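If you count the sequence shown from 1, position 58 lands on 58 in this note's numbering, and the numbers rise without skipping.
Calculated directly from the structure, the hints in this document are not laboratory data.
Accuracy of the hints is not assured; some may be wrong.
Unchecked claim - Simulated restraints on C-beta separations:
{"id": "1", "residue 1": "T321", "residue 2": "R234", "range": "41 to 51 Å"}
{"id": "2", "residue 1": "A204", "residue 2": "F19", "range": "43 to 53 Å"}
{"id": "3", "residue 1": "P78", "residue 2": "L260", "range": "32 to 42 Å"}
{"id": "4", "residue 1": "G114", "residue 2": "L140", "range": "21 to 31 Å"}
Note that the structure is a prediction, hence the values are computed from the model and not measured.
Using N, Cα and C, we set each Cβ at its ideal position, and we do this for glycine too.
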Amino acid sequence: YTVGAAFGAAFLGRVSQRFGRRPGLALGNGVAALGSAGVVAGAAARWPVLLLAALFVYGAGTITGLLARYAGADLAPPERRGRAAGTVLFAMTLGAVVGPNLIGPTGDLADTWGLPRLTGPFLLAAAAYTAAALVLVVWLRPDLLTPAPPQGPGTTGTGARRTGRPAPGVITGATVMITAQLVMIAVMTMTPVHMADHGHTTRAVGLVIALHVGAMFLPSPLSGLLADRIGGRRVATAAGAVLLGAGLLAGLAPPASTPLLACALVLLGVGWNLALLGGTAVLTDAAPAENRAAVQGLADVGTSVAGATGGMASGLVMGGTGYPVLAAAAGALALAVIPAVAMSGSRPT
1 YTVGAAFGAA
11 FLGRVSQRFG
21 RRPGLALGNG
31 VAALGSAGVV
41 AGAAARWPVL
51 LLAALFVYGA
61 GTITGLLARY
71 AGADLAPPER
81 RGRAAGTVLF
91 AMTLGAVVGP
101 NLIGPTGDLA
111 DTWGLPRLTG
121 PFLLAAAAYT
131 AAALVLVVWL
141 RPDLLTPAPP
151 QGPGTTGTGA
161 RRTGRPAPGV
171 ITGATVMITA
181 QLVMIAVMTM
191 TPVHMADHGH
201 TTRAVGLVIA
211 LHVGAMFLPS
221 PLSGLLADRI
231 GGRRVATAAG
241 AVLLGAGLLA
251 GLAPPASTPL
261 LACALVLLGV
271 GWNLALLGGT
281 AVLTDAAPAE
291 NRAAVQGLAD
301 VGTSVAGATG
311 GMASGLVMGG
321 TGYPVLAAAA
331 GALALAVIPA
341 VAMSGSRPT
């Protein structure tokens with residue numbers, strides 16, 4: 001799934017750059033619908049090869065949800081780009097909150113149709129992604145891939161064209177998002193394991209993760225507003241500090257304390273949100289118009305790979321040193337975004 005997401009980010013970014021946002025986003029949703037149907041078929045046939053191949057396709061399509069934030073900023077004036085991207089991310093909150101609560105009803109539907117119960121959510125996904133593709137094809141007018149003008153001093157789009165090298169802002173924005181994804185996934189993945197090891201109930205674990213997911217998306221309008229008002233670089237710097245606080249609190253919290261672990265995971269979600277929107281603003285401002293969508297797609301490739309790396313490495317680190325060390329080390333790693341942002345701001349364009 002994660003490898004598919006990385007592939008999809010690169011491919012759909014190039015499709016959008018060449019043909020426009022509408023074909024790129026519609027294709028992504030169509031691919032996700034196809035992958036969903038393949039997962040159902042693979043599970044029903046008990047054919048693991050088809051199941052895994054379909055998960056790859058599904059992952060390649062579902063990255064469209066995050067790529068849509070770039071589309072939100074395409075036609076926005078420079079002073080409102082952050083809020084536009086934040087609005088798209090905020091809209092994802094509804095799906096993030098409602099989706100898990102539909103596992104039961106969709107499982108019942110799968111039972112009724114004689115399918116494995118766990119294919120129920122993929123039946124819903126197939127319908128939802130098909131509907132999203134149709135909405136984009138019919139109603140997304142005009143196409144959103146209109147070059148947005150550079151924003152203020154320090155914008156490096158023209159510099160990137162002159163030198164043939166990525167602008168410092170492009171590298172900085174990507175670094176911020178990749179680092180935050182690595183840190184967030186590493187801590188989030190092992191927190192349920194840590195809580196279960198110390199006697200927390202499944203309901204308590206679910207509550208902590210639900211609060212975390214809410215914190216990942218609900219602050220988006222405010223984060224976008226801050227990116228517009230004080231700049232993406234300052235928001236990204238704040239993200240590094242918030243993620244450090246989240247890691248330290250998670251590592252130092254008594255293992256039996258649900259409230260403190262919940263606070264740490266909320267901070268983790270808020271820090272990720274600040275990094276995503278701050279990094280998006282920095283990267284979008286810096287990327288040259290003629291290949292902006294492709295550059296954005298490649299940045300999300302790095303984000304997907306970072307998520308996979310964080311998920312895999314977190315188990316090894318926790319198994320060798322324990323959850324407190326994992327959480328604190330992840331928080332310390334988040335501080336890397338601060339010198340990255342500072343060095344980018346000091347470079348000539």
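Structure-based check of each hint:
Separated by about 34 Å at the C-beta atoms, T321 and R234 break the suggested range of 41 to 51 Å. Restraint check, A204 to F19: a C-beta distance of roughly 48 Å satisfies the suggested window 43 to 53 Å. Remark: the range hint 32 to 42 Å for P78 to L260 is upheld by a beta-carbon distance near 41 Å. A hinted range of 21 to 31 Å is violated for the C-beta pair G114 and L140, which are about 37 Å apart.
Consistency note: the structure conflicts with the earlier hints numbered 1 and 4.
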